[in-house]
Amino acid sequence: MCAGLDRWFTAPPDPTLIIREERLQARLQCDYFVKPPEFGDGEGTSKVKIPYVRFPGWHYCPRCFRMSKAEIFGEQPRCSSCSTKGGGQRRMIPVRVVAICRGGHIEDFPFQEWIKCTCSPAERNLYFKAGRSSASLAGIKISCVHCNRERSLAGSFEEGSLTNVRSCCGAQPWLGRLQGLHSCKEGLQAVQRGGSNVYFPLVSSSIYVPPSYAAESDAIKNVLDQPRVWSALTSSLVDGKIPRATCASFADLFNVDPEALGKAAEARLAGSEAVVVATTEEEFRRQEYEVLLNGAGSHNEDLFVERVDGPEYGWLSEYVRRVGLVRKLRETRVHTGFSRLMPQTDRGDPYVQPLKVDSEINWLPAVEVRGEGIFVELREDAIQRWLNEKAAERRVRPLIEAYNRKRRERELSARPIDVRFIMIHTLAHALIKELTFTCGYGSSSLRERLYCSIEDNKRPMNGFLIYTASGDSEGTLGGLVAQAVPERLDLLVHDALARASWCSNDPVCMESPDGGAFSSNLAACHSCVLLPETSCEEGNRLLDRALLAGTIDDPDVGFFRDLAFQSPT
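For the sequence shown, my numbering begins at 2 and goes up steadily by one.
Derived from the structure by calculation, the hints contain no laboratory data. Ideal placement from N, C-alpha and C gives every residue a C-beta, glycine not left out. Be aware that a few hints might be false.
[To be verified] Derived DSSO-like pairs: lysine-lysine, alpha-carbon spacing no greater than 30 Å straight-line:
hint	residue 1	residue 2
1	K142	K86
2	K48	K36
3	K117	K142
4	K48	K357
5	K142	K186
6	K117	K186
7	K242	K222
8	K459	K242
9	K357	K186
10	K186	K407
11	K142	K70
12	K357	K407
13	K407	K434
14	K130	K117
15	K130	K70
16	K117	K70
17	K50	K357
18	K70	K186
19	K70	K86
20	K222	K459
21	K130	K142
22	K70	K50
23	K459	K407
24	K357	K70
25	K36	K357
26	K391	K407
27	K459	K391
28	K434	K391
29	K50	K36
[Claimed, not checked] Simulated restraints, written as ranges between beta carbons of each label pair:
hint	residue 1	residue 2	range
30	E282	V368	16 to 22 Å
31	P399	K70	48 to 54 Å
32	A246	T17	48 to 54 Å
33	G140	A27	50 to 56 Å
34	E313	Q385	19 to 25 Å
35	L492	K48	48 to 54 Å
36	N165	G88	45 to 51 Å
37	G177	W503	52 to 58 Å
38	S197	G441	27 to 33 Å
39	N165	Q77	29 to 35 Å
40	F40	P417	41 to 47 Å
Between the sequences and the hints, there should be enough to build the whole structure, so can you do that?
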């Protein structure tokens, strides 16, 4: 098991391992991020090894099945009774079963308590007998030859099976703690050592946004570079700020975004490139949204976005206001914690476990990914016309209530999710599914990033970014961006909607009242809009393809209800 960050470095990390992403550093209150060292003998590889702790502690001999418990920082135990062909003692292997709790703790499976063995540590003589004739838990028997107790592991994986056997001790072995500092009220659950529910990482990510001047699109930069414009903006200051009305008038005159123009002007006025700390995730994403919306950067920068306005997309312009061809981007992904049994999406979740003990360690592990993407912004007026019909809101209201009820059960605050968010999320999934047939990337190689205003409806965000989830230092080959040009995107959207209109599991899929984790989906399954876990920000939750094309009984539910079965003209 990988040790906590406290044990990674005895001295400051090598400068080549340090990653700088100022916006995310400010958001997570970190000094910097560190790329995990790649140990090797080759040129350019690090000589630093990531430390590990030995877990699980229980090991057994594959020949005689005798069990022995290893120290957390000790060497791999060897069987004193069995020897190898070379004459040495045979290495013991770790048992395949551990115990975890919903609070994120993990400890050795309580073998001794399971078989009701009361021997002292000095007297006990446990054996892990794995029957080769059976692959089930019934074929694994735990015994103590000192007290002649024996029991198979049959039933040990059932929920609540360990409730009367042992309570969680709050162990955090990655931090060097086999006994927790505080008691844990959660029950233990037996799982396979390599099971998929043993570890769910919590990752925060950021799309690189250039500093103040670099973040300006060419259009905004040209506006601010005009002496008469700059003079008018700076002479109209009220309490040190540029009035919105002044920005709006110049934005209309030069056809640029007023919000982006105002922020760029204030950044210039401040004469610094200090990062504005976003207090919420929505504000954090709004900074990215404005850059993706208006275009920015160049081929020589880590972000290069070409703006294409909706009218160039023909009939699709009734629904799409703007498209961004993201020819280059850089994403920083930071590991902030993890959970067990169930994945979490909130850093404030009480069940998320930390990566370190020492508060003076003010860095987190991270990786950088370079790639390409497609940014799509939907028209606010089209969304409002759809929402005013109320049909979609009536359909998803029970879903949102059930989702927030589950959050409250986990001691989390309710999220103000609305039908707009679910529709945008489902559309992103449908397009990713369709892109796998046209751009050369598999669905697991693509990711979504949603931009939807839930907390601040006065400044609506109605967009999403689909981008490559992996790539080398030089980026990718452009196959994704090529699908967003005017002569292709309309066909892509039409085909995605047609494919989402029907599912091979219909009518069961379309008529399902709930599905997915926490019963947080309506019409969504792996045959239509569900994606690999690494591709979806919400863990394949909050999806309903009926919000795209409607249903047979209620077509007004769909945002694209007039287009799903039409050929583009």
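Quick rundown of the hints versus the structure:
1. As the CA atoms of K142 and K86 are separated by approximately 28 Å, the hinted pair is consistent with the 30 Å bound.
2. For the suggested pair K48 and K36, the alpha carbons sit about 14 Å apart, so the restraint of at most 30 Å is met.
3. Pair hint K117 plus K142 holds up; C-alpha atoms about 13 Å apart against a cutoff of 30 Å.
4. This hinted pair checks out: K48 and K357 have alpha carbons roughly 22 Å apart, not beyond 30 Å.
5. For the proposed pair K142 and K186, the alpha carbon gap of about 29 Å is at most 30 Å, so the pair holds.
6. For the proposed pair K117 and K186, the alpha carbon gap of about 23 Å is at most 30 Å, so the pair holds.
7. At roughly 19 Å between alpha-carbon atoms, K242 and K222 fall within 30 Å of each other, so this suggested pair holds.
8. The straight-line distance between the Cα atoms of K459 and K242 is roughly 20 Å, inside the 30 Å bound, and the hint therefore holds.
9. A hinted pair counts as satisfied when its Cα atoms are at most 30 Å apart, and K357 with K186 qualifies at roughly 22 Å.
10. Between the alpha carbons of K186 and K407 the distance comes to roughly 19 Å, so the proposed pair stays at or under 30 Å and holds.
11. A C-alpha spacing of about 17 Å is found between K142 and K70, which places the hinted pair at or below 30 Å, so the restraint holds.
12. With a C-alpha separation of about 29 Å, the suggested pairing of K357 with K407 holds against the 30 Å cut-off.
13. Our distance criterion of 30 Å between C-alpha atoms is met by K407 and K434, whose separation comes to about 28 Å.
14. Restraint check for K130 and K117: the C-alpha separation of about 17 Å stays at or below 30 Å, so the hint holds.
15. Only pairs whose Cα atoms come within 30 Å are accepted, and K130 paired with K70 is accepted, the gap being roughly 16 Å.
16. For the given pair, K117 sits about 18 Å from K70 by alpha-carbon distance, which is consistent with the 30 Å threshold.
17. The hinted pair formed by K50 and K357 meets the criterion: a straight-line CA distance of about 17 Å does not exceed 30 Å.
18. Note on K70 and K186: the hinted pairing holds, with a Cα-Cα distance of about 26 Å set against a maximum of 30 Å.
19. For the hint linking K70 to K86, the alpha-carbon distance of about 24 Å falls within 30 Å, and the restraint holds.
20. Between K222 and K459 the CA atoms are separated by roughly 26 Å; this keeps the pair inside 30 Å, and the hint holds.
21. For the suggested pair K130 and K142, the alpha carbons sit about 5 Å apart, so the restraint of at most 30 Å is met.
22. Distance restraint check for K70 and K50: the Cα-Cα separation of roughly 25 Å lies within the 30 Å cut-off, and the hinted pair is therefore satisfied.
23. In summary, the hint linking K459 to K407 is supported, as the alpha carbons are separated by about 29 Å, within the 30 Å threshold.
24. Only pairs whose Cα atoms come within 30 Å are accepted, and K357 paired with K70 is accepted, the gap being roughly 25 Å.
25. Using a Cα cut-off of 30 Å, the hinted pair K36 and K357 holds, with the two alpha carbons roughly 16 Å apart.
26. Under the criterion of a C-alpha separation no larger than 30 Å, the hint pairing K391 with K407 is consistent with the structure, at around 25 Å.
27. A hinted pair counts as satisfied when its Cα atoms are at most 30 Å apart, and K459 with K391 qualifies at roughly 20 Å.
28. Taking the CA atoms of K434 and K391, the gap is near 28 Å; set against the 30 Å cutoff, the hint holds.
29. In summary, the hint linking K50 to K36 is supported, as the alpha carbons are separated by about 12 Å, within the 30 Å threshold.
30. The hinted range of 16 to 22 Å is satisfied by E282 and V368, whose Cβ atoms lie roughly 20 Å apart.
31. Between P399 and K70 the CB atoms are about 51 Å apart, so this pair conforms to the stated range of 48 to 54 Å.
32. Evaluation of the 48 to 54 Å hint for A246 and T17 yields a pass: the beta carbon distance comes to about 49 Å.
33. A hinted range of 50 to 56 Å for the beta carbons of G140 and A27 is consistent with their spacing of about 54 Å.
34. Between E313 and Q385 the CB atoms are about 23 Å apart, so this pair conforms to the stated range of 19 to 25 Å.
35. Here the CB-CB span from L492 to K48 is close to 52 Å, well matched to the stated 48 to 54 Å.
36. Checked against the hint of 45 to 51 Å, the pair N165 and G88 passes, with Cβ atoms roughly 46 Å apart.
37. Between G177 and W503 the CB atoms are about 55 Å apart, so this pair conforms to the stated range of 52 to 58 Å.
38. For the pair S197 and G441, the beta carbons lie near 28 Å from each other, so the given range of 27 to 33 Å is met.
39. As the Cβ distance of N165 to Q77 is approximately 33 Å, the hint placing it in 29 to 35 Å holds.
40. Roughly 46 Å separates the CB atoms of F40 and P417, a value that falls within the hinted 41 to 47 Å.
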